[in-house]
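*Asks:* Top to bottom, those sequences are chains V, B and A. With positions in the first sequence counted from 1, the corresponding number in this note's numbering is that position plus 46. With positions in the second sequence counted from 1, the corresponding number in this note's numbering is that position plus 202. With positions in the third sequence counted from 1, the corresponding number in this note's numbering is that position plus 27.
For the record, the hints were derived by calculation from the structure and aren't laboratory data. A few of these clues could be false.
[Said to hold, decoys possible] Take a look, some chain A residues computed to stay more than 12 Å from chain V by CB distance:
no. : residue
1   : Phe132
2   : Pro243
3   : Asp359
[As the list claims (entries may be wrong)] A short, non-exhaustive set of chain B residues, derived as facing chain A with CB atoms under 7 Å:
no. : residue
4   : Lys205
5   : Ala212
6   : Pro221
7   : Ile233
8   : Gln237
9   : Ile239
10  : Cys241
11  : Pro243
12  : Asn266
13  : Asn269
14  : Cys273
15  : Lys279
16  : Arg351
A virtual CB, placed ideally from N, CA and C, is assigned to each residue, including glycine.
Residue-level listing of the chains:
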Amino acid sequence: MRIVNHPILSFERGREVEFTFDGKKMKGYEGEPIAAALHDNGVRVLSYSKHLHRPRGFYCAIGNCSSCLMTVNGEPNVRVCTEKLREGMVVETQKGRGDIK
Amino acid sequence: MLKTSGIPTAEDLAVRIPPEERRKKGPVVMIECFQKIPCNPCFTACKHGAIQKFEDINDLPEVNFDNCNGCGLCISKCPGLAIFVIDETYSENEAAVSLPFEFLPLPREGEEVDLLDRSGKIVGRGKVLKVRNGKYEDRTPVITVAVPRELSMVVRNIKLGGDVR
Amino acid sequence: MKKTEIAVIGGGPAGLMAALAAAEMGARVTIMDRNSRLGGQLVKQTHMFFGSEKEYASVRGIDIGKVLSAEVLKNPRIETMLDSTVIGYYPDDGVLGVEVEEKTFVKIKPEKVIVATGASEKFLPFENNDLPGIYGAGAVQTLMNEHGVVPGENVLMVGAGNIGLIVSYQLMQAGVNVKAIIDAAPSIGGYWVHASKVARLGVPIMTSYTVKAAYPNELTGALERAVIWQVDDKWQPIPGTEKVLKVDVICISVGLSPLAEILWQAGCRMKYVPQLGGHVALRDENMETTVPGVYVAGDVAGVEEASSAMIEGRLAGLNAAKSLGYDNGKYDEKRREAMEQLQNLRSGPVGEKIRQGLAQLAL
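Using the sequences and the hints given, assemble the complete structure.
*Replies:* Okay, structure coming up:
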């Protein structure tokens with residue numbers, strides 16, 4: 047959910063853009079991290095771990111850890127906590143380590 | 203217990219409550235600062251020589267209550283939001299408590315709000331007398347609320363109810 | 028190969044101050060940050076800072092970040108490289124490898140390096156601690172205060188240090204319910220004024236409690252509830268004290284550890300100092316490490332408050348510039364002043380841990 051009114055902050059957001067998450071159409075703001083847009087759309091599970099296939103979300107949100115790796119526009123292992131959202135991005139849940147095509 | 207719950211005990215507060223004689227004379231500051239941390243903007247904010255200069259920045263603030271006129275300019279400058287102004291002379295049965303309030307929505311003057319103690323428990327209802335929210339307060343609005351006289355040393359927060367989003 | 032006099036790695040409070048101080052002395056500075064903007068973690072600190080006027084007391088972190096970033100950007104002696112991640116330091120020839128916009132690899136040869144890379148959040152072991160919905164407290168602050176998205180509806184905060192207390196307060200400001208703040212320690216580690224702020228919002232702080240386990244929603248796979256339990260004075264959990272909390276977010280706020288990779292690569296002598304968050308570089312009072320010309324400042328030099336990070340930055344900046352022969356005539360005065368400020372900030376009871384840590388580091 048988005049914060050609309052905040053006692054201290056005001057948020058400058060980019061233009062609204064469409065992207066897809068596992069084929070589903072979603073909306074977010076251009077330039078914000080993909081993870082923020084996904085979170086706003088209720089998506090918590092970003093990937094499944096390599097060996098035990100356990101669901102993973104983000105953890106640090108600033109590009110330090112590797113908890114939020116997803117496949118973006120066909121490229122695996124993208125840190126979606128820092129990768130900026132663009133119009134028409136194809137975002138997919140990553141299962142395992144991902145393959146570079 | 204302060205160090206386990208964040209809630210000061212009567213004993214903690216005793217050393218911070220302005221003397222009764224002074225309280226009878228009108229609004230006066232009460233600084234609920236109990237821990238030596240490196241911080242002194244309350245001194246910088248005070249224009250009346252009430253909050254004393256810090257020998258060591260880690261000292262607890264010291265107040266000369268006779269110099270304090272209850273202006274409340276220190277309230278919004280305390281990074282710990284630990285400063286309140288108490289006026290026990292507000293009316294026959296009521297005291298006025300001024301407190302920092304960084305939440306939305308802000309109350310309107312004249313609005314009835316819940317009165318909360320230091321643990322966030324509702325202890326009564328009171329009318330908002332004043333909302334100071336100018337450039338000086340810089341997003342730390344100062345709310346003055348009328349409280350039953352016997353709660354002057356109890357009420358330290360307010361609640362409007364409803365969703366803040 | 029690109030050349031510069033002083034490279035500052037990291038554009039947070041320490042790096043910004045380092046760049047400004049070095050430029051003020053007359054040196055040419057290149058400041059690099061992996062983000063698209065300067066400010067580091069100041070951009071999400073909505074609370075007012077402590078300290079004195081000199082350390083921007085009573086000013087919110089977000090505003091300090093804006094002021095310092097603007098000063099850096101308009102300073103003609105400072106070049107700013109954004110979206111630039113320093114990914115390697117080659118000690119043999121003193122060259123930094125920088126990835127710019129994830130596209131180009133740039134080599135930079137500075138005469139001096141100031142490492143101000145900050146810290147990363149620590150983690151906590153418990154059953155199912157990898158569930159989506161279990162986030163670093165700083166991560167939640169980023170999501171909420173920088174990007175304007177709330178993390179969920181009900182939060183369990185783990186850790187009653189300053190970050191745990193501050194983020195709890197900020198969650199409440201954003202309209203999110205904080206069910207409890209727990210800490211395994213027997214007392215609150217953060218400033219009591221921060222604790223009192225959340226206490227009067229009705230948020231219970233429970234010391235001597237830790238997380239036993241987290242459980243997912245069967246359908247979504249994301250966090251649905253947490254089980255906490257009490258620990259005794261030897262940090263051992265007490266069976267039978269379990270409490271179940273229905274939360275969709277657990278914030279982990281159990282400390283930070285220095286992001287010191289570059290210092291390791293540079294070959295700085297490192298030491299594990301728990302009071303400072305982990306491995307830190309040995310350094311002299313000018314913030315210079317055992318590798319001549321490599322300086323440290325801020326959380327990477329030992330996890331502390333942002334106010335001290337800024338002064339350490341200034342100190343490193345002044346000294347790096349001075350070592351290149353730059354002095355605008357105020358070096359001695361500025362250096363003395365900075366050292367006094369650090370001494371003041373650390374001299375009280377809450378600085379004890381830091382003092383113990385620093386005592387193990389001096390060269």
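*Asks:* Decide, hint by hint, whether the structure agrees.
*Replies:* Each hint, compared with the structure:
1. Phe132: 18 Å, holds
2. Pro243: 7 Å, violated
3. Asp359: Consistent with the label, Asp359 (chain A) stays out of reach of chain V, its closest Cβ about 38 Å off (over 12 Å).
4. Lys205: Since the shortest Cβ distance to chain A is 4 Å, the answer is holds.
5. Ala212: Nearest chain A Cβ about 15 Å off; hint violated.
6. Pro221: With a minimum Cβ separation of about 23 Å from chain A (threshold 7 Å), the hint on Pro221 (chain B) is violated.
7. Ile233: At 10 Å from the nearest chain A Cβ, Ile233 (chain B) fails the 7 Å test, so the hint is violated.
8. Gln237: 4 Å, holds
9. Ile239: 5 Å, holds
10. Cys241: Holds - the Cβ of Cys241 (chain B) comes within 7 Å of chain A, reaching about 4 Å at its closest.
11. Pro243: 4 Å, holds
12. Asn266: Violated, because the Cβ-Cβ distance from Asn266 (chain B) to chain A comes to roughly 20 Å (cut-off 7 Å).
13. Asn269: Violated, because the Cβ-Cβ distance from Asn269 (chain B) to chain A comes to roughly 21 Å (cut-off 7 Å).
14. Cys273: 16 Å, violated
15. Lys279: 5 Å, holds
16. Arg351: 20 Å, violated
The structure fails to meet hints 2, 5, 6, 7, 12, 13, 14 and 16 from the earlier list, while all remaining hints are met.
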